[in-house]
Structures are given as C-alpha cells and as structure tokens.
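Numbering (the numbering used here), first residue to last: 739 to 1005.
For the record, the hints were derived by calculation from the structure and aren't laboratory data.
There may be inaccurate statements among the hints.
What the hints assert, rightly or not - Just the calculated beta-carbon pair ranges, DEER-fashion:
hint, residue 1, residue 2, range
1, Arg829, Pro766, 23 to 31 Å
2, Gly954, Asp823, 23 to 31 Å
3, Val920, Arg854, 21 to 29 Å
4, Thr852, Val956, 19 to 27 Å
5, Asp853, Lys791, 35 to 43 Å
6, Glu772, Asp937, 32 to 40 Å
7, Val821, Asp937, 36 to 44 Å
Claimed, not checked - Listed next, the in silico SDA-like pairs over lysine to any residue satisfying Cα-Cα at most 20 Å (straight line):
hint, residue 1, residue 2
8, Lys791, Ser780
9, Lys791, Phe779
10, Lys791, Gly841
11, Lys791, Val771
12, Lys791, Ala774
13, Lys791, Arg808
14, Lys791, Glu772
15, Lys791, Glu863
16, Lys791, Ala763
17, Lys791, Glu769
18, Lys791, Ile764
19, Lys791, Asp826
20, Lys791, Asp768
21, Lys791, Gly765
22, Lys791, Leu767
Just so it is clear, CB atoms sit at the ideal spot from N, CA and C, and this is done for glycine as well.
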Amino acid sequence: MSTARGVPPSLADSLPRDISVAAHAIGPLDELVEEARQLDFSLPSGLESAIDKRRREYLAGRISAGHALRQLLGPAALEGEIVGDDDDVPRWPEGVVGSISHGAGFGFAAVASTDRYRGLGVDVERVVSSRQAGRLGARVLNEHEMSLRQGSGGLSEAEMFTLVFSAKESAYKALFPRYRQVLGFSDVELERREAGDGDAGCGELRLRTRVAREGGAVRRLVGWYALTGDQADDSAGGASRVWVVVAIPSRDYRGRAFPEFSARRGP
739 MSTARGVPPS LADSLPRDIS VAAHAIGPLD ELVEEARQLD FSLPSGLESA IDKRRREYLA
799 GRISAGHALR QLLGPAALEG EIVGDDDDVP RWPEGVVGSI SHGAGFGFAA VASTDRYRGL
859 GVDVERVVSS RQAGRLGARV LNEHEMSLRQ GSGGLSEAEM FTLVFSAKES AYKALFPRYR
919 QVLGFSDVEL ERREAGDGDA GCGELRLRTR VAREGGAVRR LVGWYALTGD QADDSAGGAS
979 RVWVVVAIPS RDYRGRAFPE FSARRGP
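Work the whole structure out from these sequences, hints included.
Listed below in structure tokens is the structure:
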C-alpha cells in the first residue's frame, strides 16, 4: 500500500508505494486554520479577504499537501507554506513532484520523488448526474473513451463521464508544470482502463497526449482511480466521488496492469 492519510482505501491500495497521498475534509474555517498552524503555515495575505469557500478550499488542499510531504520525507519535510509560481503551480521541495486538488468536499494531494516520476496530477470530483453527462459528454469524451465504459466491469454513463473528465484534469496538472502547454479535453486521450480484480470501482488508467513543444511527440501517462460513495440520487449527482491520480513515470516504470508500459515506450 502507498503511504496515505484520509484517502479512500480502494485508491490507496492500488497506488505504488512510492506515491504519497493525503486528503482532508473541507471543514469549518477555524478548524482548518488551526491545523494549518500546526503544520507551520497560514493563509497568505492575498487570501485573507477572499470568500470563506476559497479560504477553506485553499487550506484543505495545503494541509493535504503538508501531510503527504511529511509521509514522503519525514516530519520536518514542510517548512512554511507551499507557494505557487507565476502560473500558480506549487513550488515543491527539491527532488519532489506533486499536485493539489480541492473539490467534492475534500482537499487532496499527492507527492513523489523526481527519481521515479516526472510529474503528478490529482483530482477529486462528485459524479455528475446522467443528464449532465449526456449534455456535456461530447465536449469531453471521444468515441473510444465512451467505449471504455463497458470494459473490465461496467460503469454508468455518468460515472464514465466523470472519470474521464477527472483523468484529463489530472493529466493536465501532471503535464503543465513540466511543459507549460495549455491543453484542451481533446488533447488528452484515455487509452485504456483496467478495473482492479474485475471491480469497476477502482483500477488503473493509461493516457496519451502530444507535446507541441517537443515537435508533437507522444507522451504516455499512467493513472489510478477509485469511485466511492453511493449515487443514491442520480438526478442530483448523488454522493459518489471519483478520485484520480495520474503520473508521468520515469523511464524505468512498469505498471502492474500495463506491463508493456516500459522504458521503450515511456516518456
């Protein structure tokens, strides 16, 4: 199992051991401020006058990142706030890549060593309603991605839409800090989904994109996903969530579900 705090076990159990993840509920502001203080950081001055929702999301995301870093590097890993650069990309400690997300009531972060991964991206989303999936599907999914709904254990249209959306968001977060290239939904394709032990609710992903700044070279990414909760009220999107981690692996990476993803074909 990877090092995890507050992350659904179905996701944590599928991740490689060298990726550290953490999640934190977006709770009351005073509680988040206190936990941030314990991690030796506070709200930046630019957010002190922001709306309550923005401040809570920021703190939950940074708290998650702080716990993930401490799990990866030890108790003294985080010294102060994880600030962003001019493109609002978090500046991680030397030798670390990572990503922060906040949504569906949670902050969520993943970090790993640059010796193993060239980039990481994470995302957490509420599963949309069937109506939303039908209305927006053509903007996000291509025909091949829709066909993946049936493979290795079926997903509903709403679950598949949300999974692909979240995977592409995560891929963008993994790619942008490295290539500084703006991507649309059509620029990243989910090539393959492999359900874990036949369970469609978790598993591995493979994605691809073309990097314009490298002459259109194809870059492949790997990912892991989990669906949690119960979509009891489909008309409102229910309580289900999709959690995704996407990585640009180093050349010696070999995925468990995708052993052919080797140094020859890696990025």
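Evaluation of the provided hints:
no.	hint	verdict
1	Arg829 to Pro766: 23 to 31 Å	holds, 28 Å
2	Gly954 to Asp823: 23 to 31 Å	holds, 26 Å
3	Val920 to Arg854: 21 to 29 Å	holds, 27 Å
4	Thr852 to Val956: 19 to 27 Å	holds, 22 Å
5	Asp853 to Lys791: 35 to 43 Å	holds, 37 Å
6	Glu772 to Asp937: 32 to 40 Å	holds, 38 Å
7	Val821 to Asp937: 36 to 44 Å	holds, 39 Å
8	Lys791 to Ser780	holds, 16 Å
9	Lys791 to Phe779	holds, 19 Å
10	Lys791 to Gly841	holds, 11 Å
11	Lys791 to Val771	holds, 13 Å
12	Lys791 to Ala774	holds, 16 Å
13	Lys791 to Arg808	violated, 26 Å
14	Lys791 to Glu772	holds, 17 Å
15	Lys791 to Glu863	holds, 16 Å
16	Lys791 to Ala763	holds, 13 Å
17	Lys791 to Glu769	holds, 14 Å
18	Lys791 to Ile764	holds, 9 Å
19	Lys791 to Asp826	holds, 18 Å
20	Lys791 to Asp768	holds, 12 Å
21	Lys791 to Gly765	holds, 10 Å
22	Lys791 to Leu767	holds, 9 Å
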